[in-house]
Amino acid sequence: MKYLHLVWAALRRRKVRTGLTLLSIVVAFLLFGLLESVNSVFGEAGHTVGSAHRLITISRTGLFTPMPISLEAQIRAVPGVEAVTGYTFFGGSYQNPKQVIGSMFAVGRNFFSLYPELKVAPAALRQFDATQTGAIVGAALAQRYHWKVGEQIPIKAMIYPRKGGSYTWTFDLVGIYHARSPFEEQDFLLRLRYFNEAAAFGNNRVGLFVEKIGNPQGASGVAAAIDALSNNSGHETKTQSDSAFAVDFLSQFVDIGLIMHAIMGAVFFTLMLLTGNTMAQAVRERTGELAVLKTLGFTNGTVLSLVLAESVLLVVLGGALGLGAAALAVHLLQHQIGAALPMMPVGGAIWLRGGTLMLLIGLLVGALPARRGMRLRIVDALAGR
Amino acid sequence: MGALVEIRSLSKVYERGRQRIEVLHHIDMDVQEGDFVALMGPSGSGKTTLLNLIGGLDSPTEGSLTVAGERIERLTQGQLARWRAAHVGFVFQFYNLLPMLSAQRNVELPLLLTKLASKERRRNASVALQLVGLADRATHKPGELSGGQQQRVAIARAIVSDPTLLVCDEPTGDLDRQSAEDVLGLLQELNREHGKTIIMVTHDPKAAEHAGRTLHLDKGTLVGGEQVAA
Ligand SMILES: Nc1ncnc2c1ncn2[C@@H]1O[C@H](COP(=O)(O)OP(=O)(O)OP(=O)(O)O)[C@@H](O)[C@H]1O
Ligand SMILES: [Mg+2]
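Chains S and R are the protein sequences, given in the same order.
Positions 1 to 385 (the numbering used here) are the ones given, in order, by the first sequence.
Positions 1001 to 1230 (the numbering used here) are the ones given, in order, by the second sequence.
Okay, chain R solo, but in the shape it has when bound (with noise of 0.2 Å):
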């Protein structure tokens, strides 16, 4: 078995009526299991759309996208969906939390499509919210949670179905330096701690020292070559 991300030749095309923007041409990527790759490119080089399509919430043009041993090109949007339940956690840049749920009913979200019974989802969710270190906030809304503390929760929602892949999309973007380190620290211990391999799309250098290796995106290609971390 090969990379835990396997991809090639990964184009996405946009058609806007007769107008087509080709947003990633002929991408080839590999990321192994238990990489933290940071992901960096200027505004608009199709930083979302490529890690929309690693995530399984969209469907490429072209090329093949191996996940986990699956060809996730090929799977029907049902099939997809319980794909993303069962292998990836999603963090964005605004937390994206449901703002009438406490943070204990956000983190359970995702078990509710699984077969645990609620005692087990509520403890499971428990455990999720002490690891980001948030136990004591549990029953409070998104609404009476800092940024950062959102942030946390969220990446407590993304792994508490214990998915093998974390993709986080500007997951630093709307935090002061503090939050962020605190959201970056506990990514970093995320990957080398409990194994989770993590892609994350990021503007700033410094989160990206935080990861493994670097990968820049211009224009819908990947540039440079790549940087191993110090």
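In isolation and in its complexed conformation, chain S is listed as follows (with noise of 0.2 Å):
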């Protein structure tokens, strides 16, 4: 502690250079940051609570071909099925075009039981049986439009209009769900019901079946048994478990992981060149003061250490502000864009990621220099050699 003052005077040498090189790693590790908690998302994806337990059948054909209302009587009855619930995308606005509300789904009286990770009051689960136009919306999503409990929501429709040509359709609040992150309460539920008796089209057909199971080792065999209900029926169904689905849902667009493990990657390495090359700058230039260190009595590994501490110092420095900043983008996205962001907090888990990551860069990057410094021999470094 008592050579801090040394490092940190050391980093003050040169205050552009260090100047530049630190932000270049605030600039890193805001990316990795942002890219982490965009990743760590996916990553839940596959880690539902209860997921293991849950199977989903969408239609053979793909996510968005609607199957008959009348299969979840079948799907119900297969044993092993504990419980089902079939649900429909309703897609649709509020005020404006722009307010899209991404997730909108007619849902069964018995969703909830299928998802115990979405918390509602049981109150509100009454009022929402009880109420024809009811709807449940997610906290994240209530939060963003100021929507309160016993408020009418007019919606614009995208797909299904009501009997009689109108898309907008009017909602009574009835309850709010929690959930474990601002991403996963962006549900807008209305009741399936109320679709059926009121849409101009579509009623009485589903996009999804949800199965609560009692042994997820048996899941495959209860997925075959749900799937040749429908065989040769011309609505043929493919069963999955609930996590296998989130990731085939994802992979339909692009291996996210791989991509944002290729974009840390290209940073990282410029980072370490770069910073590398600061450091080894640093030492170069100071090879005298370094001799004259040594000349005092300081031990080479002494010096070892003090050029280790200064480009750890340099990369925490920087990589802190970078995650901090990073910390801050996404909450404000949040919570004041508000936007159904696939994004997690930057928690402690991503701060524990990138602190082991920022120890490790400064380790690697100021090895070498390190080492030239340990190496240096006093005589030939006073005379110029």
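Keep in mind the hints are simulated off the structure, nothing from the lab.
Think of the CB as a built atom: it goes at the ideal place given N, C-alpha and C, for glycine as much as any other residue.
Some hints here could point you the wrong way.
Facing chain S, according to a computed beta carbon distance under 10 Å, are these residues of chain R, among others [as the list claims (entries may be wrong)]: (1) 1081; (2) 1097; (3) 1100; (4) 1112; (5) 1177.
Derived coverage of chain S by chain R (criterion: at least 3 residues anywhere in the stretch with Cβ under 8 Å from a Cβ of chain R; other residues may be distant) [stated by the list, open to error]: (6) 1-9; (7) 163-172.
On the chain S side, residues computed to face chain R include the following (Cβ under 7 Å) [unchecked claim]: (8) 13; (9) 295; (10) 297; (11) 299.
Two chains, two frames, a set of hints: combine them into the complex.
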């Protein structure tokens, strides 16, 4: 600790160079924080609580082909299935077309019993059962539009008009549910019974069935039995585990994890070259000073530690600033723009990974210059050799 | 116990590939405690090499080198570093202060290697700065001081941990007459009033006059016996 001012003085020696290097470290870790925040959502998707106990059935022709609701009763009768609910996509927007509500579903009455991770008050659930036009929304979504329970919410449907041709549906907000992350609090849920009664088309058909199964080990057998129900029926189904479904769904778009790792790899590779160069230069131009320290009796080990401390301090300083900026950015995006961002707050796990990365990079980048400083021969350095 | 510095048949050879450069040839030399010795000689005669050996910055090729009762040619690098910290103060031609640190912090440097608490370090450094007459410049960085003042800060750094021996390599080589006189006067005072043993390399006969005696080195050998100062 008493050497800290030496390390600090060394960093301040070339303010511009240190500043620029620091800036690139900040940017790299800002990017790291943002990507990790996105990445951990996708990581989460595969590990949803209770997901091992859940199967999802969609049409074999794809996610957007509806299936008859009558299948629900048949699925319920399959051995191993403890509960089943069907639901359908219902896209819509709020006051203007830009306020798209991305995940809006018409759900059966036992929807919440299949998703225990979504917490809703029993009283709200009773209201939902009793109100034909009732709706329950996620807390983050409600916060974004300042919706209060009891409020009437007009929604402009994207696909389904009502009987009579109007695209405007008005719902009574009866409850708000909470989940573990704002990302999971974005759903707008209306009653499938209301949809079936009021929609001009699409009635009595659903996009998905979700099944709760007693024994995850038997999942594949149960899935096969469910799919067998509709063999050769013209509406054949495909049943998967919940997590397999999530991964499948995302990989329709891109291999997100791979892309992120490639980006981060490139960023950190560049960062190490840059910081490594800064450190090498810093030590090279200070050969004389390091020789003086050794003359005064600083041991090789101490000089090695001083240089390592310098590079670690540099990277940790920039890294902490960058991750801090990422945390702030995610926070602002989630709470002010409030978009249904697929991002997790930058929390302990990301800080831990980031911190480890900072230490590693700092040590790695400082290693060669530190060795150079350690091996420096006093008499040669003093004579400028 | 004999002299503070006892040099016996000391040789130093540099090897560059196949080339062998014998810089010092079997040197014998004693420096008594309390001496102020000037070391003179033409450029390339080996003065710096000899001084660096005495100060434990380098190791001899042959011969023995006893300083303050320790056979320092037998010490390992780590032991030598600790030995230097405890026994020798260094003053160089170009001051060799750390440019980012204040005069005070520069003088404190050797004390970082001791067990002293930060308060004591600060106090001892202040005393050393007072001794060289620069108490009022404690917060100045080297760049804000004249050459003579920088050299006095360097002397303060050399004496702050109270070593027995001061080795100075052309301490006035970069200074004007007046600053040189100040620095030499200061060294003389440290020698006479504080009992420091000083070995000083110099090209300047006027500077050598401040020493108690002068040794001449030529092509790696001490020549012409010893001159005793007037
Ligand atoms: N590391 C080294 N490798 C090879 N030769 C060296 C090395 N160090 C010193 N020398 C040689 O040793 C000789 C003596 O050098 P030294 O620096 O001791 O001379 P000096 O008397 O101090 O000279 P000056 O008055 O110019 O400072 C020179 O010829 C020098 O080139
Ligand atoms: Mg010399």
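Verification of the supplied hints:
1. 1081: The hint holds - residue 1081 (chain R) has a Cβ within 10 Å of chain S, the shortest such distance being about 5 Å.
2. 1097: Status holds, d = 8 Å.
3. 1100: Status holds, d = 4 Å.
4. 1112: holds (6 Å)
5. 1177: It is violated, given that the least Cβ distance between residue 1177 (chain R) and chain S is near 26 Å, above 10 Å.
6. 1-9: The restraint on the stretch 1-9 of chain S holds, since 5 of its residues have a Cβ under 8 Å from chain R and three suffice.
7. 163-172: violated (count 0)
8. 13: Nearest chain R Cβ about 5 Å off; hint holds.
9. 295: Hint holds; residue 295 (chain S) Cβ to chain R Cβ min 5 Å, cut 7 Å.
10. 297: Holds: closest Cβ of chain R sits about 3 Å from residue 297 (chain S), inside 7 Å.
11. 299: Holds: closest Cβ of chain R sits about 5 Å from residue 299 (chain S), inside 7 Å.
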